[in-house]
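K.L.:
From just these sequences and the hints, can you work out the full model?
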Amino acid sequence: MPAYLIDMTMRIPILPSSEITPESAYLDRRSFIAAAGVIGAGLVGAPALGACAAPAADASQQGSLGTPYGLQPYDQVNAWEDVTGYNNFYEFGTGKDDPAANAQEFRTKPWTVKVEGLVSKPGDYQLEDFLKPSKMEDRIYRMRCVEAWSMVIPWRGIPLADVIKRAEPTAAAKFVEFTTLYDPQQMPGQRARVLDWPYNEGLRLDEALHPLTLLVTGVYGKELPNQNGAPLRLVVPWKYGFKGIKSIVRIRLTSTMPKTAWSTAIPSEYGFYANVNPEVDHPRWSQATERRIGQFRRIPTLMFNGYADQVASLYSGMDLRRNY
Amino acid sequence: MAPLGGLARQPRGFGVVLFLAALAPAAWFVYAVLSDLFFGSSYLGTDPVKAAEHGLGEWTLRLLFATLAITPLRRITGWNWLAKHRRTLGLFAFAYVSLHLLTWALLDVQVGISEYVGWADVKKDIFKRPFITIGMTAFVLMIPLAVTSTKKMIARLGRNWRRLHRLAYVVPVLGVFHFWMAVKLDITEPGIYGLVLAALLLWRAREARLAKASAAAA
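Going down the list, the protein sequences come from chains F and S. With the numbering used here, the residue at position 302 of the first sequence is 302, and numbering never jumps. With the numbering used here, the residue at position 101 of the second sequence is 101, and numbering never jumps.
These are calculated hints, taken from the structure and not from any lab test. Being a predicted model, the structure only gives us computed values, none of them experimental. Please note: incorrect hints may appear among the correct ones.
Partial list, computed: chain F residues near chain S (C-beta under 8 angstroms) [said to hold, decoys possible]:
| no. | residue |
| --- | --- |
| 1 | 94 |
| 2 | 149 |
| 3 | 265 |
| 4 | 285 |
| 5 | 291 |
| 6 | 293 |
| 7 | 300 |
Backbone N, C-alpha and C define an ideal beta-carbon position, used for all residues, glycine too.
P.N.:
Written as C-alpha cells, this is what we have:
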C-alpha cells in the first residue's frame, strides 16, 4: 500500500445526532489537538500522523478538558465514544463493547470505600465523604493498554496520595492493595472464572504516593460512566492500563507485595510492576509500538508511557526486564 | 439411502448462491475496514483493524470446517452433488487466510507502512511468537493445497494428491490452536471452534475405522 494513501487516514466519524448534548461543545469532533501548550513544540522527531488530522479545538474547549500531563506534540484527546465504548472491564464481559452494553444497570450509589491495613486511621467511608476533603482535578493523561493500543483521556479525580496520607500509614506499610467490588448479581462477568474474582491490584507505597497517581471519579468533565469503572477507579499513567483497577471498594496498606489479578492469572505475561516499557516485549507481541485508537498509523511506545522524567527515579537500579 | 428432501440433484443456482455466500463476509470486511479507515465510517467499531483481522481469521476457520463437513453431510443427506463444491470452499478458505494475513501485516503490524516497524520485527513475530508461528505454518501448508486444486493437478499427482490433501485435516487443527493461543484469557470462542473441529475429526476417525473393519470382514 503506498505511503501517501496512509497519510490521509485519520478517522473522523461523524457524531450521531443523538449524541449532541449541551456538553457537545467539546464532543462535536471525534478528536482534536488537546494541548495548546505543546502544539508545535518539539515537532522534530514526532511521528508523521495523518495529514488530514482533525482541526485543533480552540483554547476555551481545551480549558474545559483539563491540564495536559506528559502529552506529546502529536497527541490528541480521544473521542468520548472511544473512551466510553471501548473498554476492558472483565466484570462486565471480555469483549471491548461488553462493558458499555452490560454495565448500564450497575448501581454505584450508595458506595462505600474501606481504608484499612497498616494505617493509624482506618475507616469505612461513604464515597462523598471520602472525596470531600480533596480538590477535584481535570487531567489529560496518555493511556497505554498492555494489548498495544492507546488513547489520550481527560480524567477527573483526586491524587491517591491525599487519601493515603489522610489515613496515616504506619512505618511498616510498604504497599497498597486495591480491591474491586465482588457482586456477581450485578457483574455478570464474575459468574465465570475468567479471573480470580474479585479483581485486585497493587502499588508500591512510593508509586501510590506519586503525584501523577489518580483516584478517578470522572472523565470528560462528567461523572465516570459505569463501563469506565464507576464510581471510583485508579489511573497510573506510566503503567499498562490493567493496573487501573475499577469500581474500588477497598484500599489496604500492607507490608508485603499484594497479589494482583493479572499476574495471578498469567504470571509469565503480566507482572506486578507493569510499567510501560517499549524494550520489554509481551511474550506474544512487541511493546515497541502502539496503535492509537482513532488513528491508523502506529506510534512509538515511550518509556514509562512518556512519564519517564517524573517516575524513572522510582525504579533506579531495578532490572525492568525481570520486574515487568 | 434416498436423498433427503428428494434432492437427488443439485438445485438450480446452488453454485452461484454458495459462491456469493462465501464471498459476502470477505467483501463486507474489506469494504468496512477501508471505509472506516479512509472515509470516516464506523462499521467495525472503535478498532476496525482488529475487527477485520479477527473476523477474517474466524471466517477462514468456518470455511475450513465447511470443507470438512461436506463428506459427513453427503452421508447424512445423500446429497452427493455437494462433493464438487469442496474445492470452492477450500479456495475461499485460502482467500480468507490470505486477507487475514494481509490485514495483520499491512494494517495491524504495518510493515512497509510504519517507519517504526521493520521486516526484522515481522521475522521476530513469526519465529519467536508461537501463536504466530503456528498460524503462519497453517498458511504455508495451505499454499500447496490451493496450488494443486485444479483438475490438471489432480490428474497429474494421482494417488499423491489424496496424500497431500490430508493436510486439510492438519490445517484447521493448527488454525484453532492459533486462535486459542491468541486470546488473552477467555477461551470460550476458540473452545467452541475446537469442539466443532473435534466433532468433524471424530466422525472421520469413525468412518475410517468402519471402512477398515468392513474391509477386514470382506
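K.L.:
Of the hints stated earlier, which fail here?
P.N.:
none
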